[in-house]
Amino acid sequence: MGFNGLGKRKHMNTSQQKNLLQLSNISKTYQDKQVLKQVNLTVQNGEFLTLLGPSGCGKTTLLRIVAGLEQEDHGQIILNQSSINHISAEKRQINTVFQSYALFPHMSVIDNVMFGLKMHRVPKQEAHQRAVEALEKVKLTNYLHHKPHQLSGGQQQRVAIARAVVNRPQILLLDEPLSALDYKLRQEMQMELKRLQRQLGITFLFVTHDQEEALSISDRIVVLKNGDIEQIGTPKEIYENPANMFVAKFIGQTNIFKAKVVSPHAHQPNVFHALIEKQPFEIYTTEVLEPNAWVNVLLRPEDIRIQEIQDQTISTLLTGRVIERTYKGMTLDSVIEMSYGDHILVSEFFNEDDPDTDHSLGQRVEVSWVPSWEVVLPHD
Numbered sequence: 000m001g002f003n004g005l006g007k008r009k010h011m012n013t014s015q016q017k018n019l020l021q022l023s024n025i026s027k028t029y030q031d032k033q034v035l036k037q038v039n040l041t042v043q044n045g046e047f048l049t050l051l052g053p054s055g056c057g058k059t060t061l062l063r064i065v066a067g068l069e070q071e072d073h074g075q076i077i078l079n080q081s082s083i084n085h086i087s088a089e090k091r092q093i094n095t096v097f098q099s100y101a102l103f104p105h106m107s108v109i110d111n112v113m114f115g116l117k118m119h120r121v122p123k124q125e126a127h128q129r130a131v132e133a134l135e136k137v138k139l140t141n142y143l144h145h146k147p148h149q150l151s152g153g154q155q156q157r158v159a160i161a162r163a164v165v166n167r168p169q170i171l172l173l174d175e176p177l178s179a180l181d182y183k184l185r186q187e188m189q190m191e192l193k194r195l196q197r198q199l200g201i202t203f204l205f206v207t208h209d210q211e212e213a214l215s216i217s218d219r220i221v222v223l224k225n226g227d228i229e230q231i232g233t234p235k236e237i238y239e240n241p242a243n244m245f246v247a248k249f250i251g252q253t254n255i256f257k258a259k260v261v262s263p264h265a266h267q268p269n270v271f272h273a274l275i276e277k278q279p280f281e282i283y284t285t286e287v288l289e290p291n292a293w294v295n296v297l298l299r300p301e302d303i304r305i306q307e308i309q310d311q312t313i314s315t316l317l318t319g320r321v322i323e324r325t326y327k328g329m330t331l332d333s334v335i336e337m338s339y340g341d342h343i344l345v346s347e348f349f350n351e352d353d354p355d356t357d358h359s360l361g362q363r364v365e366v367s368w369v370p371s372w373e374v375v376l377p378h379d
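Heads up: the sequence shown at position 135 corresponds to 134 in numbering that gives the first Met the number 0, and the numbers run straight through without jumps.
Please keep in mind that the hints were generated in silico from the structure rather than gathered at the bench.
Where a beta carbon is used, it is the ideal one built from N, C-alpha and C, also for glycine.
Any given hint could be a false lead.
[As the list claims (entries may be wrong)] Distance windows between CB atoms, simulated: (1) K90 / H342: 27 to 35 Å; (2) H342 / M190: 32 to 40 Å; (3) K235 / N269: 17 to 25 Å; (4) T285 / H342: 47 to 55 Å; (5) E132 / A101: 52 to 60 Å; (6) G152 / T312: 33 to 41 Å.
[Unchecked claim] Think about it this way: if two alpha-carbon atoms lie no more than 30 Å apart in a straight line, the pair counts; the simulated DSBU-like pairs of lysine-lysine are: (7) K90 / K138; (8) K235 / K17; (9) K183 / K327; (10) K224 / K183; (11) K248 / K32; (12) K17 / K193; (13) K136 / K183; (14) K224 / K193.
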């Protein structure tokens with residue numbers, strides 16, 4: 000039985016763009032531990048591409064190899080159709096913004112931004128003009144003569160970006176640059192980064208372990224695990240059509256129902272009769288499922304529907320009880336303890352004028368979903 004993770008909604012087509020960076024069979028080993036395993040990746044010109052994965056998956060190592068700060072064991076790095084494997088980091092037309100920002104504390108903002116240009120012996124007047132232009136783009140022209148300690152975390156991050164883009168790199172690498180910011184500022188800077196990337200027209204290669212962050216700002220996401228690429232796609236593709244159980248569990252919240260296939264639908268292609276805890280359901284998938292096969296039916300919390308029922312009612316659907324409820328303004332998140340013991344998460348739009356959306360603890364409910372919104376993956 001073959002699976003490709005499809006079945007919920009159609010994939011979005013990524014527009015054809017010029018390939019700027021190509022990584023072919025990149026491998027790296029540290030002390031007998033293989034950190035990267037023949038990674039193949041193409042980065043398109045002008046896109047915001049995010050490397051996403053848990054700690055130790057190889058994303059930062061891959062970024063440092065692209066930057067020239069680490070040497071790959073095997074593989075090719077092609078930038079603008081030319082190999083850069085043996086070109087030193089300072090000559091790669093690739094700049095990096097680090098997590099710590101690495102600003103010089105004794106230098107003013109304008110001097111920090113001009114530093115790289117001075118190292119490349121750009122004339123002082125030209126260097127000053129380019130630095131001011133870079134700071135204009137990050138909205139910091141009122142802080143030219145401030146020292147880093149006089150700036151907020153978000154402002155320091157923008158100085159680091161200005162210092163990186165002033166050299167006009169073809170690719171800007173960002174290694175978890177928002178991790179030190181508080182939650183509200185981090186959200187603000189996510190949108191600011193995306194705005195800057197579009198304004199500058201520079202390709203961004205971004206590293207994070209934060210799934211929400213990756214979904215918010217990326218054109219495409221590369222999900223890594225143990226040195227391998229698990230899936231590449233748009234945020235919509237990654238979220239709605241995970242390629243495997245790792246991606247499904249790693250990206251956002253996912254409810255998993257174990258189902259036993261009964262038979263194909265007699266009149267509808269890509270529809271199969273199945274049993275979930277002995278209750279009959281129709282499941283939708285482009286894969287060919289064999290009778291008696293076990294599969295995982297995946298549904299996001301916002302795709303689940305619950306309907307309150309009376310204790311005396313006998314339901315033909317899956318049932319459970321509300322054991323937790325969290326009001327989040329626009330949504331109400333409910334934890335449902337299913338009749339067979341599992342817990343699922345349901346997220347509903349909250350309507351204060353509709354009592355059916357404000358469930359009480361202990362309330363018995365029926366559980367269903369919109370047909371064809373499920374993702375079907377093999378059960379291991």
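These are the hints, each one checked on the structure:
Here the CB-CB span from K90 to H342 is close to 55 Å, at odds with the stated 27 to 35 Å. The hint said 32 to 40 Å for the Cβ distance between H342 and M190, and at roughly 34 Å that hint holds. In this structure the hint that K235 and N269 lie 17 to 25 Å apart at CB holds, the actual value being about 20 Å. Against the hinted window of 47 to 55 Å, the Cβ-Cβ separation of T285 and H342 comes to about 29 Å, which falls outside the hint.
Between E132 and A101 the CB atoms are about 22 Å apart, so this pair departs from the stated range of 52 to 60 Å. Distance hint check for G152 and T312: the Cβ-Cβ separation is about 54 Å, which falls outside the suggested range of 33 to 41 Å. The straight-line distance between the Cα atoms of K90 and K138 is roughly 28 Å, inside the 30 Å bound, and the hint therefore holds. Taken as a hint, the K235 and K17 pair is honoured in the structure, with Cα atoms around 22 Å apart against an allowance of 30 Å.
Between K183 and K327, the direct Cα distance comes to roughly 16 Å. Compliance with the 30 Å bound is thereby established for this hinted pair. At roughly 29 Å between alpha-carbon atoms, K224 and K183 fall within 30 Å of each other, so this suggested pair holds. Annotation: proposed proximity of K248 to K32 holds, straight-line Cα distance about 25 Å (limit 30 Å). Between K17 and K193 the CA atoms are separated by roughly 20 Å; this keeps the pair inside 30 Å, and the hint holds.
At most 30 Å may separate the alpha-carbon atoms for a hinted pair to count; K136 and K183 meet this at roughly 22 Å. The straight-line distance between the Cα atoms of K224 and K193 is roughly 25 Å, inside the 30 Å bound, and the hint therefore holds.
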